[in-house]
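Protein chains in written order, with my numbering: chain A, 1 to 259; chain B, 1001 to 1413.
The set of hints was computed from the structure by calculation and includes no laboratory data. It is possible that part of the hints are untrue.
[Stated by the list, open to error] List of simulated lysine-lysine pairs, PhoX-like, C-alpha gap at most 25 angstroms:
hint, chain 1, residue 1, chain 2, residue 2
1, B, Lys-1032, A, Lys-134
2, A, Lys-134, A, Lys-223
3, A, Lys-183, A, Lys-199
4, B, Lys-1090, B, Lys-1076
5, B, Lys-1092, B, Lys-1406
6, A, Lys-183, B, Lys-1092
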Amino acid sequence: MAGWSDHEVDLGGLKVRVGRGGAGRPVLVLHHDIGTLDKLPFYEALSARFDVIVPVHPGFGEKSERAQWLRHPRDIAALYQWLLADLGVERASLVGLGFGGWIAAEMAALAPRDFHRLVLVGAMGIKPPQGEIKDQAIVSYIDYAKAGFHDPAAFARNYGDVSTEQLVDWDLCREMSFRIAWKPYMYNLSLPHLLGGVKAPSLVVWGDDDQIVPKSAGEVYAKALPGARFETVAACGHCAEMEKPDELARLVTGFIDVN
Amino acid sequence: MHVMYFTEQPMSAYPSDIGLETGHTALLFSNKHFDPVAGSELYNRYLEHYIYAEEQGVEGFMLNEHHNAPFCMQAKCNVFASILAAVTKKAKIVLLGNPLPLAENPVRLAEELAMIDMISKGRLVSGFVRGGGQEQLATGVNPAFNRERFEEAHDLVVAAWSRQGPFRWEGAHYQHRVVNPWAVPLQKPYPRVWIPGVLSRETIIWAAKQRYPYIALNTSIEATKKIWEVYDATAEEVGYTAGPENHGYLQQVHVSDTEEKAEKNARQFLWMQGEFTGLAHPVWANPSGYFSPSLRRNFVEFAVGRAENPRGRPTFEQQVADGRIFFGTPKTVIPKLRRVLEETRPGIYALWGNDGTVSDADARTCIRLMGQEVMPAMREIGKELGLNSPFEVDAPVHLKYSTDLKRMPQAAE
């Protein structure tokens, strides 16, 4: 991607890989529990308008170092506040994808005045009132990643023939997910009660065929976040940024690009 | 040599054809296929087998546990150990073992084991295991902290056994404001701890560092020798020379009164469609974070069907050729076992006698021939070869109770 660069940022000895590209309002994009591919059309689309910052969560793959002490997604939320402070970024918007949505929501809850906009896409972090968050522990790496898509062709378009390196990466991601979100699995019972103070306008987006996080969790988010807007993406699974990148980028851009 | 009898206590009444059709027989294989009427009969049958075994001269019972699977009916080995503590008189009760990471409260576990030790009048050997991969999922325990929990739970159990209470425990995975159990082991400093395993190099090294005997579970003769190389090298590093009293071996051995019957029943060892052989589900058997990081590439490929199970899945004939399955009459089995003893020199030996759908009568024949003929012969061979058990040489229970440690160059002052 043009103008895209990778940096290693040192957070108190922990080395975190951060991709960055574009110019404009700062947008911190937080990836899924299955890590992130290096270059996504979604990131590129956002970087046409914004200064896009994509850290690789510590331990989620071989690029970002594992912190043995990490015990909760909220720890990553605190690390990313530190990252933004070190980068000198003010008034960022947060775009949280799936598991990254949980981190984004924790960040907003901890610092309710800090952010320009909050966008949650198929976010984990809340116990769905109907249905359950899919348990990756009992399905294979490929089957779990595939379950993130409505259309298998969209999975193939993004991941192609899955390499052994990708499998190793997914295994590292899975291990890290277990280390920090095993029980309760992928939600925080106190989070819904902490979202009422968030001052940033919020957009909650859900694929209409999300097989990983039930839409009912999104409805709880939309209710808990003051004045949140709820949007559904048609014919789309959990990984909207890979399945419908243009549509999601349009939604996000329109939402963030206002004063 | 300490020789003991083992069986997985199979839930042989489950519909194995449905297991084959389903493609896996653990974790999510529905317990609607468990028949408690047959279960009740089998539990009692297995209990009677142990009592019978002691009458036939068997000097030790090895017990284990597994969860959510038909290949082993023991959901809690301490339950059978408790009963055997009361209804048997002399045989060692060898738990191989309690899966430490599954314990949410290791102090409770220490109490249970102390009670078993006292009720059995000091016959407990308290082995510990990490628990198979799927056991973590069956009990809701985080597989990524398996090894950390294993080590910390061990330290806490040993502290509960051997430190005077009350004391406080503030660990990474276990926190207890007051540890002061009013049940402590009869054996001092604490019951012997043996560590069984199959594959993990880390566990072999850990056992050797504690000076706990390592019991190789049904590994091939060649693999077993490699395990001893790792164990013995570690022992030298920490200052002692490992011997037969540090080495244990479990092998599948079915004995009968004819060769034909012995072979037919030995084929039942393949009935076990559990996690180590047969129908292991690649994802559940090896959850992320559970296996050794050095094997990550092998396991991820296995998990998506691109590679064979790194633990292997050999045929009956291959297992016989590798020395993992033995069968025959005492007359033909004893010479085979002599060769194993000569080659691998263990001081602890478990005969895994019966599995699958071996009939009650044939299981009893096997137990009788083991107790009356095979085990006495093995003990004699053990004497001849100098294969002493930890009991015979009064080996230290843990490295810290050693009186024979070599002066290590780095251990100045």
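To see whether the hints hold, each was checked on the structure:
A C-alpha spacing of about 24 angstroms is found between Lys-1032/B and Lys-134/A, which places the hinted pair at or below 25 angstroms, so the restraint holds. For the hint linking Lys-134/A to Lys-223/A, the alpha-carbon distance of about 22 angstroms falls within 25 angstroms, and the restraint holds. About 30 angstroms separates the Cα atoms of Lys-183/A and Lys-199/A, which puts this hinted pair outside 25 angstroms; it is violated. With a C-alpha separation of about 22 angstroms, the suggested pair Lys-1090/B and Lys-1076/B falls inside the 25 angstroms cut-off, and the hint holds.
With a C-alpha separation of about 31 angstroms, the suggested pairing of Lys-1092/B with Lys-1406/B is violated against the 25 angstroms cut-off. Taken as a hint, the Lys-183/A and Lys-1092/B pair is broken in the structure, with Cα atoms around 39 angstroms apart against an allowance of 25 angstroms.
When each numbered hint is compared with the structure, violations occur for hints 3, 5 and 6.
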